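Engineer: Here's the letter readout for the chains.
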Amino acid sequence: MIAEAAEALARDLAGLAEAEDRFRDEVTLVVPRERLHDVLARARDASFAVLTDLTAVDRLPAQPRFEVVYLLTNYTAAARVRLKVRVEADDALVPSAEAVYPGANWLEREVYDMFGIRFSGHPDLKRILMPDDWEGHPLRKDFPLVEEPVHFAGHTPKVPSAIIPKTPRTPPTPPR
Amino acid sequence: MSELARETLVLNMGPHHPSTHGVLRLMLELEGEVILRTEPVIGYLHTGFEKEMETRTYHQNIVFPPRIEYLATMIEEHAYVLAVEKLLGVRAPERAETIRIILAELSRIASHLVWLGTSAVDVNVTSMLMYCFNDRERIMDIFEMVSGQRMMHGYMRVGGLQWDVPAGFVEQVRAVADDLPGRLDEYERLLTDNLIWRERTEGIAVLSHDDALRYGCTGPIARGSGVNYDVRKAFPYGGYEAYDFDVPLGSRGDSFDRYTVRVEEMRQSRRIILQALDRLRDGPVMVDDRKVALPPRAELVRSIEAVIHQFKLVSEGFHPPVGEVYSAVESPRGEKGYYLVSDGGNQPVRARVRSPSFNNLQALPVMIFRHMVSDVVVAIASIDIVLGDGDVDR
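The listed protein sequences derive, respectively, from chains U and Y. Each residue of the first sequence is one higher than the one before, starting from 1 at the first, in the numbering used here. Each residue of the second sequence is one higher than the one before, starting from 1001 at the first, in the numbering used here.
There could be a bad hint or two in this list.
[Unchecked claim] When the alpha-carbon atoms are kept at most 25 Å apart in a straight line, the in silico BS3-like pairs for lysine-lysine are as follows:
| id | chain 1 | residue 1 | chain 2 | residue 2 |
| --- | --- | --- | --- | --- |
| 1 | Y | K1051 | U | K84 |
| 2 | U | K141 | Y | K1051 |
| 3 | U | K84 | U | K141 |
Simulated from the structure, these hints should not be mistaken for lab results. If you're wondering where the values come from, they're calculated on a predicted model, not measured in any experiment.
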């Protein structure tokens, strides 16, 4: 059952949202990115005080490719609403939610790190989990999941048998 | 004041530091010994679990949750299988749900015991660690008894459990539950009235109610600050709506309040376990849906349908409908959620782990502003981070 507070927010935002989806008692509103800031501010003022999660989905090869997903929770009324913003790969820029929900700061950095989606107005948009000099964005569908050789400067890595040479096993001598 | 005295110092703390409970690096800007600015640097335990989960079937992915958060392994598995069950629209049989709740609450006690032991070590009460690990070991024995593994159990299945609990399970759980209050009283006598413990934790790393909401903090951190939010109460899952328990709340939001909240949570977990033991009835532990659960061994020799189902489930797994769900549980650290996106295939398009430590850690700079360097240790301990949980993408 969808909580009454979530229904009320969905009704309230119906004019601002492009589409609405309901699945397994969860409400999802698709919001155009120009209106995202207004929608978030209205949701926060409607007691959806917590940004529980912010993430993205790569829908390759669908167009638009990326979905940035916001999960808002109303603690007092026990209700959740999911917001989505769809962006193209060559124009992956979304307004930052950091001013409305300060907790979005790290979450947006993570989305930038993993998907390469930029957030305009973010105070310090840089990688958070991957090394600073990493190339590419790992959670994109076109980022291959492969093993990489580990480079050790100056020497070749040893295989275990080179460290402990294999010797033919000798039976233990029985105790006297 | 001379120019020299006004200069600030940037101190690097970690990533390898005994108090960071993993590998966490903090850049602290100090004036004397007072912290003006903190920048946590994370990512040292990033493992790419979310990427891995996109390339495996829903069933194969059960191995990842306990590795993401290794202190509350049963709760992790519970979180993941509930999310897949929500996506599929199936519900585990009652006996399976009850056993899951017993194991999840035992897991919560085990995790809080590790927290209690290690954070007491951080303020030099070293004996606590051994007492707490001693008690935790009995819970680990129960996990080993039911699943064969102390950690990384893989015991919960989409639609139920791997197998029923062995004989002697109820007695062993009851023995642990019976001993727990006495042990907790003893620990409280060691710490609550301990002058050093109180001075190190009271008024330290205060997080206000509003900041807890702003940063999306959950779990004992938020409840210590008076935020009345427990996923088990707000969004009951897996049968929790039938249980009677209280949600302890703090008022000041300091490290000491988080300590009292966690100790009380262990008592409440025990209450839930005792209720669950009473309502444990015989019955199946796996859902009777051949599209999700493997057919019983005996059917395979009699029915060709069973063989087909077995083959399809083992070779390609089940196909949830197109859609997306978010399902959360209350982990010892807060709201642990799985956001699964399905395109109708046998692997998730996106498996997102909402980990509580990530959000909780984000509030650390607010908590330790204008504190002394030595209080950072207490603050990190009171957040109870699992760096695997905060970093590993998770």
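Engineer: Evaluate each hint against the coordinates.
Structural biologist: Tested hints:
Annotation: proposed proximity of K1051 of chain Y to K84 of chain U holds, straight-line Cα distance about 21 Å (limit 25 Å). Restraint check for K141 of chain U and K1051 of chain Y: satisfied, since their Cα atoms lie roughly 9 Å apart, inside the 25 Å limit. Using a Cα cut-off of 25 Å, the hinted pair K84 of chain U and K141 of chain U holds, with the two alpha carbons roughly 19 Å apart.
Figure legend: structure checked against the earlier numbered hints; every hint is met.
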